[in-house]
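Spelled out, the chains give:
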Amino acid sequence: MRNIIVRVIARVIIPFIQLYGFYVVFHGHLSPGGGFAGGTIIAASLILYVLAFGLVAEEKRVPERIAQIIESLGAIVYVVIGLVGVLVGAQFLGNKIAGFPLGVPGRILSSGSILILTIAIGFKVASTMITLFNHLIEDEKEG
Amino acid sequence: MTLMHFLLLLFLIICAIVVGRTNDLISAVIVFAAYSLIMALLWQQLASPDVAITEAAIGAGVTTLLLFGAISRTGRMEK
Numbered sequence: 001m002r003n004i005i006v007r008v009i010a011r012v013i014i015p016f017i018q019l020y021g022f023y024v025v026f027h028g029h030l031s032p033g034g035g036f037a038g039g040t041i042i043a044a045s046l047i048l049y050v051l052a053f054g055l056v057a058e059e060k061r062v063p064e065r066i067a068q069i070i071e072s073l074g075a076i077v078y079v080v081i082g083l084v085g086v087l088v089g090a091q092f093l094g095n096k097i098a099g100f101p102l103g104v105p106g107r108i109l110s111s112g113s114i115l116i117l118t119i120a121i122g123f124k125v126a127s128t129m130i131t132l133f134n135h136l137i138e139d140e141k142e143g
Numbered sequence: 144m145t146l147m148h149f150l151l152l153l154f155l156i157i158c159a160i161v162v163g164r165t166n167d168l169i170s171a172v173i174v175f176a177a178y179s180l181i182m183a184l185l186w187q188q189l190a191s192p193d194v195a196i197t198e199a200a201i202g203a204g205v206t207t208l209l210l211f212g213a214i215s216r217t218g219r220m221e222k
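Chains A and B, in that order, give the protein sequences. Its first residue numbered 1, the first sequence is counted upward by one per residue in my numbering. Its first residue numbered 144, the second sequence is counted upward by one per residue in my numbering.
Source of the hints: derived by calculation from the structure; they are not laboratory data. Careful, some of the hints might be misleading.
Claimed, not checked - Distance ranges between label pairs, derived from CB positions:
{"no.": "1", "chain 1": "B", "residue 1": "G218", "chain 2": "A", "residue 2": "G103", "range": "48 to 58 Å"}
{"no.": "2", "chain 1": "A", "residue 1": "E59", "chain 2": "B", "residue 2": "T217", "range": "18 to 28 Å"}
{"no.": "3", "chain 1": "A", "residue 1": "Q91", "chain 2": "B", "residue 2": "A190", "range": "26 to 36 Å"}
{"no.": "4", "chain 1": "B", "residue 1": "G218", "chain 2": "A", "residue 2": "N3", "range": "25 to 35 Å"}
{"no.": "5", "chain 1": "B", "residue 1": "G218", "chain 2": "A", "residue 2": "I9", "range": "26 to 36 Å"}
{"no.": "6", "chain 1": "A", "residue 1": "L102", "chain 2": "B", "residue 2": "V161", "range": "41 to 51 Å"}
As the list claims (entries may be wrong) - A few chain B residues that don't get close to chain A, going by computed Cβ distances all over 10 Å:
{"no.": "7", "residue": "D167"}
{"no.": "8", "residue": "A176"}
{"no.": "9", "residue": "E221"}
Said to hold, decoys possible - If you want a taste of the chain A side facing chain B, the calculated C-beta under 10 Å gives, among others:
{"no.": "10", "residue": "S31"}
{"no.": "11", "residue": "G33"}
{"no.": "12", "residue": "F36"}
{"no.": "13", "residue": "G39"}
{"no.": "14", "residue": "T40"}
{"no.": "15", "residue": "I41"}
{"no.": "16", "residue": "A43"}
{"no.": "17", "residue": "I47"}
{"no.": "18", "residue": "F133"}
Yeah, the Cβ is synthetic: ideal placement off N, Cα and C, and Gly gets one too.
Model the full assembly from the supplied sequences, consistent with the hints where possible.
Below you can see the structure in the form of structure tokens.
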């Protein structure tokens, strides 16, 4: 099960998967992709880590408590950024009309609040997926 | 519609029928991953690369692993 080939290949390939996932998340407003797709790619790299090194080693790297905090924080950030528009006097999730600086088109730091929302969605989706998979696996060991 | 699109669509339909008709659930999950891969190619050909990335990550990656986890808790063969 814990093959040396699987472990070495996983150790080599996991950083590249995570780098691509963060690229998709951070360029969500410039190129195809976004928070959901990028978060799923990050979660897939963590699932590969679980399959190669076991659930115990993964729990040390990403404890379940931290994953739950990140998940809740993503939802809170999304709602708070959305409510900024209401507080200013525009609609929910208002972007330019709520006073976010738009920046230069084509740069990463452009398009106002969309980048913050995409990062929040990415972290929430990644932590949700890894929590789902961990629960499915650890129940199998107990029962 | 080129010949390539016809071949992809034919393979897609065959995969969908096989997923429904096979009794071995592990085979069904593997064929379902192939279905998702063909579907991602077709989304890209239909000029929506956003959906294609999501389909490749969700359909071919995470869904396969979650269904394998579910099969390992139940039985392999359909009754």
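Going through the hints against the structure:
no.: 1; hint: B:G218 to A:G103: 48 to 58 Å; verdict: holds, 55 Å
no.: 2; hint: A:E59 to B:T217: 18 to 28 Å; verdict: holds, 25 Å
no.: 3; hint: A:Q91 to B:A190: 26 to 36 Å; verdict: holds, 30 Å
no.: 4; hint: B:G218 to A:N3: 25 to 35 Å; verdict: holds, 26 Å
no.: 5; hint: B:G218 to A:I9: 26 to 36 Å; verdict: holds, 31 Å
no.: 6; hint: A:L102 to B:V161: 41 to 51 Å; verdict: holds, 50 Å
no.: 7; hint: D167; verdict: holds, 20 Å
no.: 8; hint: A176; verdict: holds, 13 Å
no.: 9; hint: E221; verdict: holds, 20 Å
no.: 10; hint: S31; verdict: holds, 9 Å
no.: 11; hint: G33; verdict: holds, 5 Å
no.: 12; hint: F36; verdict: holds, 6 Å
no.: 13; hint: G39; verdict: holds, 9 Å
no.: 14; hint: T40; verdict: holds, 4 Å
no.: 15; hint: I41; verdict: holds, 5 Å
no.: 16; hint: A43; verdict: holds, 7 Å
no.: 17; hint: I47; verdict: holds, 6 Å
no.: 18; hint: F133; verdict: holds, 7 Å
In summary, this structure violates none of the numbered hints.
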